[in-house]
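**Student:** Here are the chains, one letter per residue:
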Amino acid sequence: MNEQPRTLNWIMLGLIGLVISIYVLFPVFWLFLASFKTQPELAQLPISFWPEAPTLEAYKALFSPTHQKGQLLDWPQLIGNSFFIAVSSTIIVLIFGTLAGYAFARLNFPGRDLILGGLLISRMFQGAALLLPTYRLMSMLGLQDSLIGLVLLYSAFGLPFATWIIASSLREIPRELEESAMMDGASRLQSMVMVVLPLATPALITAAMWHFVGAWSEFAFASILLESNEHKTVTIGLASFVELFTLEFQYVGAAATIVALPIMLIFLFGQRYFTRGLLAGAVKG
Amino acid sequence: MGSVTLRNIRKSYGAVEVLHGIDLDIKDGEFTVLVGPSGCGKSTLLRSIAGLETISDGEISVDDTVINTLVPKERDIAMVFQNYALYPHMTVAKNMGFSLRLAKESQEEIDKKVKAAAEILDLNALLDRYPRQLSGGQRQRVAMGRAIVRDPKVFLFDEPLSNLDAKLRVQMRSEIKELHQRLKTTTIYVTHDQIEAMTMADKIVVMRGGHVEQIGSPIELYDNPASVFVAGFIGSPAMNFIDAVGDGKALKTTTQELLGTPNATVASGQKVIAGFRPEDIRLAEKGIAAKVALIEPTGAETQLTLRTENEAIIMTTRDRITHSVGDQVFFEVIEGKLHCFDSETERSLAEGGQAQ
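So the sequences go chain by chain: A and B.
For the first sequence, UniProt numbering assigns the number 1 to the initial residue and increments by one for each residue that follows.
For the second sequence, UniProt numbering assigns the number 1 to the initial residue and increments by one for each residue that follows.
Chain A on its own, in the form it takes in the complex (with noise of 0.2 Å):
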């Protein structure tokens, strides 16, 4: 009956949806051709759209460490201590976020909500608000220009969201399956991590790869901490490729998309579980 006023309304959106698409991807997709292509080809007028001659030098000389301009960029280097400082915090995070989310799902102390919705004021601070202050503990602390320093510092910060997604996905999982393991001979460290985890999957994939993308594409904090070459990391690196190459513009392009790389990679294989540990809680299911 009303099957084709629908059917325009489909492609309607989807016609709204692919222009967003564009409008919002095509500088991405514009940078990710431009790796592929050569020197003379970036320069040239009219602009090409495809490569004319597709290419993989730029990537090949991304990993071969050499000195570009009097500045060593060891991209092999900064990746992996991008990898190291993401996923060491994303791990830090996940043990301690499901501790303290569980803690706020289960058990009753004073001022559990009051702490629960505290957690959520330390969000509220514009980053930049903190550059300073953070700079001076650090290095009060010793902590600066070390990997381990900023993975304390993005635990810190990744923490209060993380137990926050957790704790409201663990409150939606029925008291009766723990109550239920622990008639069975359960302890209560057994049933939650037999039960109860299982079962708070989405929110632990949505916890680790929020905190993961976060810490991966960090600059601010890692660019005026990290100081030696060795310890820099892939978005400080990319920083000082967009400076460095204002004309070599598919080294840019070959470094923009192997940072971006891990990042689509998560999101299209995490995907599902994002959308659903984002919105546990919303309907009851």
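It should be emphasised that the hints constitute simulated quantities derived from the structure, not laboratory data.
Listed next, the in silico SDA-like pairs over lysine to any residue satisfying Cα-Cα at most 25 Å (straight line):
hint	chain 1	residue 1	chain 2	residue 2
1	B	K73	A	R106
2	B	K115	A	L177
3	B	K73	A	L177
4	B	K271	B	G246
5	B	K115	A	M194
6	B	K249	B	E311
7	B	K73	A	L107
8	B	K153	A	L177
9	B	K73	A	R188
10	B	K153	A	R188
11	B	K94	A	P202
12	B	K94	A	E172
13	B	K104	A	R188
14	B	K94	A	T201
15	B	K113	B	K177
16	B	K249	B	F330
17	B	K94	A	R188
18	B	K73	A	L99
19	B	K73	A	L197
20	B	K337	B	T317
21	B	K337	B	E285
Chain A is already provided as a structure; the job is to place chain B on it using the hints.
**Tutor:** The following block gives chain B in isolation, referenced to the frame of chain A:
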């Protein structure tokens, strides 16, 4: 073995006491039903026995071992929850074998026991399914299976049938009772449904406001209710209650109509509450005058609502009714079926009615 003894169980949430000293003896193998309206403390009592709630005072023992300080896993008690509480991420077999896995039994042993339990509950074909793929009745059976694989000393059921539709409820009721007759494991079953209590129990514990109102077999409670509350709670349709006055050995209504001789000695002029069940009255040539207000045939029997000057009286009869609404009739209480209760305390005035 699994006899359960409760002594002076008290439970408070802050300043509010919800269990006011419960005493109860359950023999090994007995099917005991805790019944009462919501908020009477029956679930709290059950959860205290399970170890999911701590008690404020008193003693819970199983086979003469005091267990109230033990955590649930050390009590050797299994529980079936109202919403089944099946682990959604485990198959039926895994759900049923979970307790054995925690007890570190060998996989071989687990498989054997799960299979045996599945056999009893007719779950063999469903062992590889997940809970979400099961119907309500099947979930209920898995929840029971999870309890029986452990062969515990005591089974606890917390309103296990309240999520099922009426027909399935009747069927599961029989299944649980059959299961009990087969396994003979001490069972404590909580429900607010008096029919469930009547049909399943060896022993019913009627609770109200954190107190035990009466303990007895279903027929004892039905025939000799200790209070107006129990009399009204057990039996459907409920017992009729009217104000009455002692007159010699008999009871009269407040409008001086003769009700009959009660099951207790009443002083002349003593004000009491008279009670009689709908099936214990019959239409007669003379007696208490009433008008037929409503006729509800259910096939096997017919329910009549009779309106006297002051009250509406429910009567059920297996006779075919020739009266129609508005007719003037007379009814009498069948001899020996007239209960009477103290109008102040609402306790039964019959011999033994003061007990409990």
